[in-house]
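Novice: The lines below spell out each chain.
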Amino acid sequence: MLRLNNVSVNFGGVKALTDVTFDVPAHKITALIGPNGAGKTTLFNSITGFIPHFTGEIHFHNVKLNGKLPHEIFHIGISRTFQNLNLINELTLRENMFLGVIGKEKPPIFKSFFRLNKGYWKNVEQRIDDMLYLTGIKKWENSKPGSVPYGVLKNLEMARALISNPKILLLDEPAAGLNSKEKENLAELIGMLNTKGHTILMVEHDMSFVSTLSDYVVCLNFGKLIARGTFDEIRNSPDVIKAYLGDEDA
Amino acid sequence: MRKLNLSFIIFNLITLFFISRYIENEYYLSLIIYIIFNAINASCFNILLGYAGIISLGQAAFFGLGAYTSGILSATYGINPYATIIIGIIITAIVAFIIGYPSLKLHGHYLAMATLGFGMIVYICFNEMDFITAGPSGLTGIPNISFFGIEIGSEYKFFIFLSVFYMIFITLMEFFDKSFISYKLRFIHESENASSSYGINVAKVKLTTFVVIACVTSINGSLFAFYSNFISPVSFSFKYSIELVVMAVFGGLGSITGGSIGAAILTFIPEVFAEIEDYEMVIYGGILAITILFFDGGIAKQFKRLVEKYVKIK
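Chains as they are written, first to last, in the numbering used here: chain W, 418 to 667; chain G, -19 to 294.
Bound-form chain W, shown alone:
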């Protein structure tokens, strides 16, 4: 589905990624792990067009992503969330959901401006309702981001990404900053999305979260792919152990 072939990124003299090659299979959850500075977010940014100057190739459903801009990549079917929440505090949670719709569907400007296509917007509202229910945040729909728990906002980010009906969802540290109960709820949600057929690639540090959810794990260290496989295969890899715990000689 998503194929990375010898992807390398240099920032000046620093090699952020070196010849990274792997596939993200359809309808599975793939986790991207690695210590801080391993190049996980750089890889995400390369896939989603925020770092256009990588070498190698990235293909999604046989469409080459090299040189494409972030909004073009979104329209191909790749949706992502960010580590930092990008929500508008002045708008309610429901209103924040519109970002997931208006970028994808490009509503007609004149008709929408003068409210001549109420049927369309009613349909949008219905879809927002459905997504708020699905992600379990419907009861906070009229609250503003500043007045709800962090876990709710994380779910909102995911709901907003999902409403555009992406072919693959890229989650950047979805469990970061959540308490254990919120992590449980989030894991349940991601699991449910997977059972509905969504393909997910996520960057995550929390290994229990990764082990619970992931079908496949890809591990990076210093910009290089050091291991890939199932979580059980990865956890016993000497390279991964070394990357996380350091060299015994050190």
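Since the hints were made in silico from the structure, they are not lab data.
A couple of the hints might just be wrong.
Claimed, not checked - Within a straight-line C-alpha distance of at most 25 Å, the following computed BS3-like cross-link-like pairs (lysine-lysine) qualify:
| hint | chain 1 | residue 1 | chain 2 | residue 2 |
| --- | --- | --- | --- | --- |
| 1 | G | LYS158 | W | LYS485 |
| 2 | G | LYS158 | W | LYS523 |
| 3 | W | LYS561 | W | LYS584 |
Stated by the list, open to error - A short, non-exhaustive set of chain G residues, derived as facing chain W with CB atoms under 10 Å:
| hint | residue |
| --- | --- |
| 4 | LEU152 |
| 5 | PHE155 |
| 6 | GLU170 |
| 7 | SER175 |
Claimed, not checked - Which chain W residues stay away from chain G? Per the calculated CB distances, all over 12 Å, these:
| hint | residue |
| --- | --- |
| 8 | ASN453 |
| 9 | GLY466 |
| 10 | HIS470 |
| 11 | HIS488 |
| 12 | GLU512 |
| 13 | GLY517 |
| 14 | GLY520 |
| 15 | SER581 |
| 16 | GLY594 |
| 17 | LYS598 |
| 18 | GLU601 |
| 19 | ASP623 |
All C-beta atoms in this analysis are idealised placements derived from N, C-alpha and C, irrespective of residue type, glycine included.
Could you slot chain G onto chain W? The hints should help.
Specialist: Frame of chain W, contents of chain G only:
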């Protein structure tokens, strides 16, 4: 989508109706006309900075481009005023596109400096191209505009004419504020990266907004030329761009009422206290600093908070 809130429109309608009925003094009518011109310009600036996060310090230049295009074409070449307004829009759109295309790739201070430079260049052109603009001494002989055969010559007639334009403008502002377009601009303001990762072509939306706002400001400039029958570069200087910034920030950024509230108060005060004229920029600077430091969201937001508090108590 959010429901339309017609209270501000109705408030303006009632206020303008009472002014039209009870104020006959030409000086006061002239002051109100200036308030309306400033309200439209400050509201336009508010859309740029308050909604889209585009800080443009060259708005006076677009106002001037409209005014000079209409002024020169009607006074020197005798072209129909409405045709000159349309030509003004076209010229302003082209200039805004040429300026906006490279400069909107910049952010924050850099964008402010780029638009400031543009404003300065246009101001210098108005001054130096005296073979066409009449230079610092100003362009005279601009005719009155007519509406359905009625010449809009007196203060009272122009007040009515401009009020109609203003009411259409704020009604469109309300539609804009509650439309997905305002959401789109707010999302871009919050995070350009997130917006583009949700399929919004940020560069295109920002450029379109910049050009459309420049065009509306240009229409306002054309009307200003037909109102005053005389224009000189000083009306379109950098100082005027700064005044618009202060009006929008003081009134309330990101609120459709902000530009009008700021314009009403900050146009009225210097007229009443004429002796402070020499210290105008110092006072504007002070107001800007105090508003930013202590009144986040300006007058409009403070008023909204008060209303919400009152409603909660009830």
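Novice: Determine for every hint whether it applies to the structure shown.
Specialist: So, going through the hints one by one against the coordinates:
no. : hint                   : result
1   : G:LYS158 with W:LYS485 : violated (32 Å)
2   : G:LYS158 with W:LYS523 : holds (16 Å)
3   : W:LYS561 with W:LYS584 : violated (29 Å)
4   : LEU152                 : holds (8 Å)
5   : PHE155                 : holds (6 Å)
6   : GLU170                 : holds (5 Å)
7   : SER175                 : holds (7 Å)
8   : ASN453                 : holds (21 Å)
9   : GLY466                 : violated (8 Å)
10  : HIS470                 : holds (16 Å)
11  : HIS488                 : violated (5 Å)
12  : GLU512                 : violated (7 Å)
13  : GLY517                 : violated (6 Å)
14  : GLY520                 : violated (3 Å)
15  : SER581                 : violated (7 Å)
16  : GLY594                 : holds (17 Å)
17  : LYS598                 : holds (27 Å)
18  : GLU601                 : holds (27 Å)
19  : ASP623                 : holds (23 Å)
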